[in-house]
Every structure is written in structure tokens, then in C-alpha cells.
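Chains as they are written, first to last, in my numbering: chain A, 41 to 514; chain B, 277 to 515; chain C, 34 to 315.
Because the hints were derived from the structure by calculation, they are not lab data. Among the hints, erroneous ones may be present.
With a straight-line cut-off of 27 Å between C-alpha atoms, the simulated BS3-like cross-links for lysine-lysine are [what the hints assert, rightly or not]: (1) C:K218 / B:K334; (2) C:K199 / B:K413; (3) C:K172 / B:K435; (4) B:K435 / C:K167; (5) C:K167 / B:K413; (6) C:K78 / C:K172; (7) B:K435 / B:K473; (8) B:K328 / C:K218.
Just a sample of chain C residues kept apart from chain B, beta carbon distances all over 10 Å, derived [unchecked claim]: (9) S121; (10) P180; (11) N232; (12) G242; (13) T244; (14) D247; (15) T259; (16) P260; (17) F264; (18) D266; (19) D267; (20) I293.
Distance ranges between label pairs, derived from CB positions [claimed, not checked]: (21) B:A362 / C:P229: 32 to 38 Å; (22) C:T221 / A:L186: 51 to 57 Å; (23) A:W228 / C:L305: 32 to 38 Å; (24) B:P395 / A:W138: 44 to 50 Å; (25) C:K199 / B:S367: 38 to 44 Å; (26) C:P289 / A:V222: 35 to 41 Å; (27) C:V243 / B:A362: 49 to 55 Å; (28) C:T221 / A:W138: 17 to 23 Å; (29) B:P395 / C:S300: 48 to 54 Å; (30) A:W228 / B:P395: 25 to 31 Å; (31) B:A362 / C:K199: 47 to 53 Å; (32) C:I70 / A:V222: 43 to 49 Å; (33) B:P440 / C:L305: 36 to 42 Å.
For glycine and all other residues, C-beta sits at the position ideal for the given N, C-alpha and C.
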Amino acid sequence: MVRGFRRGAGSVQGSWLVSGVVTGACLVVAMAVSGGRSRAYTAYSLAVHKTAAIPAFARKYGLACSACHTAWPELNAFGQRFRDNGYQLMNDRDSPIWQNPSYIPVTFRITPNWHRESATKQPVDATPGNPATTGPGTVTVSGFDLSGMDLWTAGTLYKNISFVLLPSSDNTGSFHFEAAFVRFDNLWNSHWVNFKFGKFELDNLVSEKRFLFLSGNGGAYQAYHFGPVTDTLGFTNFGLGDNQIGAELSGHSENSYTRYGIAVLSNTDGAVGLPASQSYDTYLTFSHAIDAGALGVERVGAYAYIGRRPTYFQTSGGAPIPGTGLGNKSFYQIGVAGDFFFGDFELLPLFLHANDNAYLATSTPGNVALPAGARDAKWNAAFLEAHYYVSPQLVFTGRYETVRMSQQADPALPSDLGNIDAYSGGVRLYPIMFSRAGLSWHTEVSAVRTRGSTFAPTDGVWTSSVFTGLDFDF
Amino acid sequence: MRRQYVWIVAAVGLVGSALGARGAPPAMAGAISGKVTYTGTPPKMKPIDMAKEPSCAKQHATPVTTENVVTGPGNALGYVVVYISAGDPGSSAPSEAVRYDQKGCQYIPHVAVMQVSQPLEIYNDDQTSHNIHPLAKVNPEWNKSQPIGAPPIHTTWEKPEFIPVKCNVHPWMHGWFLVLTTSHYAVTGEDGGFSLKGLPPGKYTLTAWQEQFGTQTQDVTISGTETKTVDFVFKARAY
Amino acid sequence: MRPKTSVGAWVSAVVVLVATAGARPCVGQESRIGNLIGHAPAGKKVYRRYCILCHGPDGDGTGENAMWIDPKPRDFTLAVFKCRSTPSGTLPTDEDLFEAMSRGFVTTNMPAWLPLSHQNRADAVAYIKTFSPKWSTLKPGTPIAIPPEPAATIESILRGRGLFQKMECWKCHGPAGHGDGQSAKTLTDNKENPIPPYNFSTGSRFKCGVTNRDLYRIFMTGLDGTPMPSFADDLKPGEAWDLVHFLRTLQPLETPEAAIWKAWLASHAKDLKPIGPAGSGQ
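Please construct the entire structure, taking both the sequences and the accompanying hints into account.
In C-alpha cells, the structure reads:
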């Protein structure tokens with residue numbers, strides 16, 4: 041797939057633009073071919089808002105949204121530094137004591153929308169009401185809807201002590217805590233030493249929480265959530281895009297061009313309440329940016345997530361005792377990512393290689409023999425996302441993603457079972473851009489083809505979304 | 277106070293006539309003279325408390341008052357600058373310097389008038405330091421310190437502008453630099469009188485400026501060697 | 034053929050000459066920072082993204098957020114700037130503007146725009162210069178000559194202390210540099226907004242830098258637009274460095290000057306005459 045982008049003709053900028061257009065064209069074709077069906081409508085309603093544009097900061101400092109965001113919620117280099125400094129401008133006026141008492145660092149964000157979800161190769165009764173006629177069919181649903189809501193608070197408790205508290209709800213108003221942490225910034229007066237404790241987003245170079253996609257099939261990175269189909273019980277319960285709970289040591293150079301992070305995390309994929317077993321995950325990231333003159337700032341990074349998951353528990357009277365996991369087996373996800381600017385054109389590539397231990401990949405408890413022939417599950421994922429900023433108030437987006445199993449846990453399965461190709465594209469228009477509130481008219485289409493249906497492992501299941509909504513925060 | 281006005285008017289008159297001598301020969305030139313008065317109630321000038329600067333306070337037997345509206349007998353208005361604002365071909369800057377003193381923590385004169393590029397000399401005669409901060413917008417704005425015993429500051433202004441001047445150390449000190457293109461100007465004294473001499477025949481616009489009451493203009497035509505009388509009446513506001 | 038070619042060569046040479054002569058950069062449309070050249074049209078895009086809500090679409094400091102901010106954003110139409118390497122009343126150099134933008138201003142809402150690429154910042158400088166006609170009619174001042182800093186010694190500090198007294202810095206900055214001088218409360222800037230003098234006892238960064246050299250430049254060029262005047266006519270360079278050394282002792286920072294001062298004070302404190310009005314022990 042990457043080959044498809046090496047058009048080569050003309051300037052680098054020209055070829056990326058062409059591939060951006062091709063991406064957009066591909067997804068239109070994909071929509072036509074698939075008939076635009078989706079099964080992911082349930083997944084969408086759980087796709088609670090990606091957070092992180094906070095007019096409260098704009099209100100506090102009098103800056104435009106565009107000062108920190110390429111197009112909110114995605115951060116630009118200046119916003120990255122502001123965030124790295126613990127939401128401080130470092131001008132001795134950051135602490136709450138310098139603010140008007142009526143200033144409260146709170147932002148609400150929600151997106152009322154209309155969307156259409158469609159999925160092919162679903163088990164549908166040819167004659168409604170007759171279970172004997174079940175066969176592959178396409179299911180399409182559409183209508184007006186609400187997204188989840190974020191009630192985001194973030195800022196400083198004191199000079200160099202910052203915080204985030206993010207209660208987030210799905211579209212029924214059922215809340216959970218998406219993030220909650222305290223961060224001690226610039227310890228020993230050094231921007232290389234910052235300590236964060238609580239529940240937070242992993243320091244991914246390409247952030248899923250602050251990206252520009254909202255639809256059911258486009259509103260998440262496949263690479264950040266994929267698991268092999270053989271892990272039917274979800275033993276490897278993990279996604280790079282999920283907020284995790286733990287502690288992080290991080291640091292950055294003065295202009296945040298060089299950054300690192302080391303995190304120790306619970307093995308619950310961010311879940312609270314101590315169902316964890318006695319092992320911890322580790323996440324390491326490093327990135328470096330260079331000043332490319334008129335082109336902008338070019339950033340490249342590498343990451344590694346090493347985790348362990350229990351495969352069975354101690355029991356009491358036969359019932360598992362939560363938190364007492366045994367039979368820990370490991371998995372890892374490593375890769376590289378980049379954020380490249382060519383003037384108003386931005387490219388975000390990512391590559392990921394993942395490996396799940398055979399026990400995890402086959403959902404086999406550690407005190408039981410592996411199925412014959414079981415192997416580690418390995419896969420590679422990649423995506424290439426492009427943005428074109430016509431102005432700070434208008435951005436076009438497009439993305440192509442792929443996941444390719446390189447080794448199935450069960451050798452009897454087709455090698456491409458579970459493989460994914462995903463196409464997304466959209467536009468965000470911000471009719472107003474002031475410091476007090478934000479509004480974006482967001483329109484997006486996305487389509488995902490997954491290899492393997494309930495009917496045949498060779499089937500390609502298309503799920504697609506069409507979405508248009510008013511994404512606002514204040 | 278009175279004595280200083282007389283000194284100013286005399287000095288300006290001298291300079292004015294010297295300038296006029298550069299133009300048409302006096303015998304062939306006309307003049308404009310008149311009086312500036314006000315109607316209504318002008319604001320009361322407040323006494324200035326110089327307790328924070330004892331070296332200045334002791335120079336004044338009775339506290340001096342603010343100078344934004346200076347009045348005299350017969351409703352006369354002082355410190356009104358009357359000048360030719362149109363019809364005058366302009367003249368090159370004289371080489372005599374205009375002198376501006378900081379004395380007793382006051383600017384003397386309160387309003388200094390000079391021509392574009394004319395030298396300006398600023399003296400600190402006090403036993404305290406001052407800073408000179410002309411709040412120019414068209415000309416460059418600068419701010420210089422003048423400690424006790426420092427030599428005079430020499431400067432010129434390259435563009436016409438009415439520049440408020442202040443001292444940041446002594447917040448009651450307010451003055452003006454009026455930078456004009458014309459050599460025909462006068463500053464009224466407490467008697468409100470002014471006299472512009474050495475005007476060749478022509479059509480002129482005469483402008484009177486008072487820092488608080490604004491400007492007024494009148495058109496005057498000089499045909500020969502006559503002296504035209506032009507009076508200005510400002511409407512005084514209490515604030 | 035030959036003659037035509039040579040005529041053609043002459044013509045094109047002349048055209049090139051004329052074109053490059055005519056292509057002289059329009060002052061105010063370009064900025065030069067080191068080897069970098071900034072262009073105003075590109076700077077306009079940078080300005081719209083980052084600057085406009087405080088500094089305003091016309092660059093006059095009346096952006097929509099300006100009313101909520103103190104100190105007020107800079108009014109570029111006046112071309113009066115605090116942080117310069119050039120004498121009071123003259124335009125700053127392009128580098129001065131570039132550095133001010135990159136450094137930000139402590140205790141204000143002006144951030145350090147360091148994460149922007151150098152080109153972006155250079156372009157922004159070029160665009161800022163289009164807001165005032167002074168950039169086309171006046172040349173930037175000549176940066177003041179700053180001689181190398183002599184060693185900090187107790188004699189230098191004591192001379193500096195004498196200058197602090199003589200130049201009457203204490204009338205605004207206070208005898209101990211706490212920003213509580215007798216005139217401090219009445220200070221206003223060139224827009225009649227109240228403005229406090231620097232309080233050395235906070236130890237915070239200066240408006241225009243952090244080093245001794247920056248401090249030298251502050252009082253030898255003055256902060257235009259503020260009550261802080263230039264002392265260039267009143268202090269010789271050696272005296273200026275003495276004053277710098279003394280001013281460092283007023284800050285709660287661990288500087289060589291503060292260490293020397295503390296050590297000397299331990300045995301000589303009673304020898305000091307207090308700073309302040311004449312007759313207060315002077």
C-alpha cells in the first residue's frame with residue numbers, strides 16, 4: 041500500500057497531494073463498491089469524544105485557538121510546548137492566583153450530528169422472522185444522534201503543578217473518567233524532568249485523542265486498537281489509543297523539539313478498580329523535531345509498549361478472585377511515527393509491529409496446554425494521514441490505514457484473516473474562531489474492509505460511515 | 277508666574293520678529309495681532325503637592341498650580357499658540373536653539389514652540405534627576421534620564437507634531453513641544469495677546485491651539501502692510 | 034548570427050541589471066535575521082494564526098482579547114519597542130524583534146514563540162514592520178557598543194551602589210529595588226496605562242532578557258514606551274557595568290555578584306549609608 045504513494049512525479053509536495061487526492065477518491069470508490077454499509081454503529085456510540093481542545097486556555101491567556109492548534113483539537117508545535125510545560129506559558133503568570141477569580145478552567149465539548157452506518161456480510165434473515173433463512177446481508181442505519189460529551193478541566197494548581205480531570209460520557213450521558221492526573225512540571229527547574237500520576241493518554245506522537253476524525257469507522261486508528269481474531273476472549277486487552285493508568289516520567293527540550301517519555305502502567309488498559317494482576321506494563325517514547333525553515337517543523341519518533349496480561353486467576357470456590365492474575369504472558373507493540381509539514385500540508389505516517397504471545401493470541405489460560413500448532417500472533421499496521429490547512433479555519437483530511445497479519449496464532453487459519461484496509465476523509469470548517477468558544481462543522485466519510493466474516497474467512501466485510509455534525513466546545 | 281509669561285512673550289516676540297526679518301523686509305510686510313479669550317467657566321487649576329520632592333517644594337513659597345488652562349484678567353487665555361497653518365511657504369529652520377528648562381520641578385515654558393529641525397536644548401536646573409519623556413507619535417518617542425548636574429540634552433524634531441512631554445519621576449510635570457513648519461507663531465501670555473509680524477501679502481489660515489479646548493481657525497488676508505486684528509474666543513469647559 | 038547574439042547578450046545583461054536593481058527589497062517588506070530572510074506575505078499568515086487576537090488585525094494592539102489583558106499588547110503602528118539594542122527613540126533591529134518574539138515577555142501574556150520555526154518568526158517580523166510607515170522612512174538605530182564585562186568585584190558593586198543612589202533609580206525602583214519607590218504608584222506608559230517598575234526582589238526574568246549583558250542594554254537604551262529612560266548620556270560603559278553588578282545583588286538569585294555582596298556585608302554592613310533621599314543618612 042505504501043508503494044501506491046510513491047508517485048514520484050513532480051515535487052514531493054505534489055506527490056503527497058496526489059496521494060491525498062487518491063485517498064479521497066479511493067474512499068469514494070470504496071463507498072460505491074461496498075454500497076456503504078456498516079456494522080460499527082454500536083462501536084460508534086462507544087466512540088466517546090476525543091478530547092483536548094480547551095477554550096478555557098484561550099480565555100486564560102487571550103490567545104487564539106489557532107495559536108496552539110493546527111485545527112483544534114490537533115496541536116501545533118507551540119501548543120505541544122504549552123502542554124509539555126504543564127499547560128503553562130512559563131511567564132510567571134500561570135498560577136491560578138494570577139487569574140480573575142471568575143476564571144474556571146473548564147470546557148464542554150459535544151457534537152450533535154447526523155450519521156449513517158452500514159455493514160456488509162452481516163447475518164441477516166432473508167425472510168424477516170425466519171431464522172432458517174439467515175445469510176449474509178447488508179445492514180444500514182442512519183439518523184440524527186449525539187456524540188459523547190467531554191467535560192474537560194485542565195490547568196495549573198500552582199506554578200509547575202498541573203492537572204487534568206476529564207469526566208467523559210457516552211451519548212446517553214453515562215460517565216466514566218477518561219483522564220485524571222496531577223503532573224509535577226519542571227522538577228529541579230529542569231524541563232527534562234516531569235512526573236505525571238493518574239490516568240492519562242499515552243505520549244503517542246500521533247495522538248488519537250487530538251485528531252480530526254469523529255465517525256464510527258474513522259474515529260479511531262485501526263493500529264491503536266487491533267487485536268488478532270483468534271483472541272476471542274480479549275486476553276490481550278490493550279490499545280495504544282486507550283488512556284492508561286499509572287505514572288509517567290517525561291521530558292522535553294526548551295522548545296519541545298526533543299521529547300521522551302517513560303511510563304509504568306497498570307495492565308488493565310486503563311480500567312480502574314484493581315482487577316489488575318501483579319505485573320505492570322511499560323511504555324517508552326522518544327521523538328525529535330527539526331526546524332525545516334519555510335516548510336515548518338518536522339517530527340519523527342519511536343515508541344515501544346511492553347505489556348503482560350494474566351491468563352487465569354486464583355479462584356475462591358471456583359470463581360476467579362479479581363486482581364489475582366496468574367500465568368502472565370507478554371505482548372509488545374513497537375514502531376515509528378512522524379509528523380511532517382510542507383507549508384500548509386501535513387503528513388502523519390505511522391508504522392507498528394505487534395506481537396502477542398501464543399497464549400494471549402489464542403485466549404488460552406496459562407495452566408492449560410496450548411492448542412496444537414499455536415504460535416505467537418504477529419502483525420504489522422500502518423497508516424498515512426494527510427491534512428491540508430486552507431486556513432486556520434478550514435482543513436481537509438484523508439487517511440489510509442492497513443493492518444496485515446504476518447503470523448496467525450492458529451496456522452490452520454488463512455494468513456490474511458483479520459486484515460484491515462481503512463479509508464477515511466473529511467473536512468472541518470470552523471466558521472468562528474475566537475478565544476471563548478469553538479465551533480466546527482465536521483463532515484466525514486470512512487470505510488473499513490476487514491477480512492473474514494461469520495460466513496467465510498475469505499469474505500471482505502465492509503463497514504462504512506457517513507457523518508456530518510456540529511462539533512462545538514466552550 | 278506672571279513674570280515668566282512676560283518673559284516668554286517677550287522672548288517669542290523677539291524671535292518672531294527676528295524670523296520675520298528673514299522674510300519680506302519689515303517695511304513691506306503686514307501683521308496679525310489679537311487677543312484670545314474664553315467664555316464660560318474654565319476649570320480651576322489645582323495646587324501641586326511637591327512634598328515627595330522637597331528640593332523642588334522649597335523653591336515655591338506657595339504651591340504652584342497645574343497649567344493646562346491658564347487664565348488672566350478680562351477672560352484672557354494664556355499659553356494659546358497662534359500660528360499660520362496654511363498659506364505660508366514655510367522657512368528653513370533657524371539655528372537658534374529653543375530652550376526648555378526643568379526648574380522647580382516644572383517645565384519652563386509650559387508650551388515650547390519650535391520649527392521642524394530647529395535645535396532644542398533641555399536643561400535640568402534642579403537638585404533632583406528628571407527624565408524627559410516626549411510622547412511623540414509621528415516623531416520617534418524617546419525617554420532619557422537627566423541626573424543632577426547633567427549637561428543639556430540637544431535634540432531636534434523632524435516632523436511637525438504637537439508632542440506632550442512628561443517626567444515619569446515627577447508625575448505632575450506636564451508640558452508641550454509644538455513642532456511647526458511655519459516661522460510665524462506666537463504664544464499668548466496671561467493677557468491673551470499675540471502678534472505675528474513680517475507677513476508678506478497673501479491668504480493665510482490662522483490657527484489657535486489650547487491644549488484642553490482644542491483648535492480654532494480663521495482665514496486672514498494680508499494685502500499690504502496693514503495689521504489685521506483677529507481675536508479667538510474659546511468655549512471653556514469646567515473639565 | 035554573431036552580432037545578434039552579442040546584442041542579445043547585452044540586452045539581457047542590461048535587463049538583468051535593471052531587474053535586480055529594481056528588485057531591491059522594499060524596506061519593511063522583508064526582515065533579515067542572520068542568514069534568514071523573512072517575507073511579509075508569509076508573515077501575514079503567521080500573524081493571522083498566532084498574533085491577531087491580541088495585537089489586532091491592524092497591528093494596533095486592539096485585538097478582541099486585548100481588553101482583558103494587562104499589560105496591553107504592543108501597538109505596532111507606533112513602532113515603539115521596549116527591547117532593543119539601539120538607542121532610545123530609534124527603531125530596533127530585525128534581530129531585536131526576532132529575539133523578543135522568541136523570548137516572550139515575563140509577567141505578560143506574550144508567550145515565547147520559540148517552537149515556531151525560525152522562518153516563521155522571521156516572516157512575522159517582516160509583517161510586523163508593515164504596520165508602521167516609520168519602517169520605510171527611518172533606518173533602525175545603530176546597536177550600542179557594549180564593551181566586554183569586567184570582573185565583578187566588591188569595588189565594582191559599591192560603585193554601582195553609588196550610581197544607583199546618584200542616578201536616583203530608587204525613586205521608582207525603591208531603595209532595595211522592590212519596585213516600591215515614591216514615584217512607582219503614579220507611573221504610566223505611553224498610553225496612560227499604569228505600569229509597575231521592575232521588582233528586583235522577585236528574581237524573575239527581565240522584560241528583555243536574563244543575562245548581565247541584557248541588563249546593561251536595558252538601562253543603556255531605555256525601554257521605549259515606558260517610564261524607564263535611557264541612561265546612555267549619563268553613564269560611561271565602565272560605570273554601567275558597575276551598576277549591573279550592583280543590581281544583581283538586589284535579586285534573590287545565586288549570582289557571583291550576590292555571593293560577593295553577601296560575603297562583604299557579613300563584616301561591613303554597618304559601613305553602608307542607606308539609599309534614599311538626601312538627608313536620610315547620605
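- prompt: Among all the numbered hints in the text so far, which are the ones the structure does not match?
  reply: 2, 9, 15, 16, 17, 18, 19, 21 and 30
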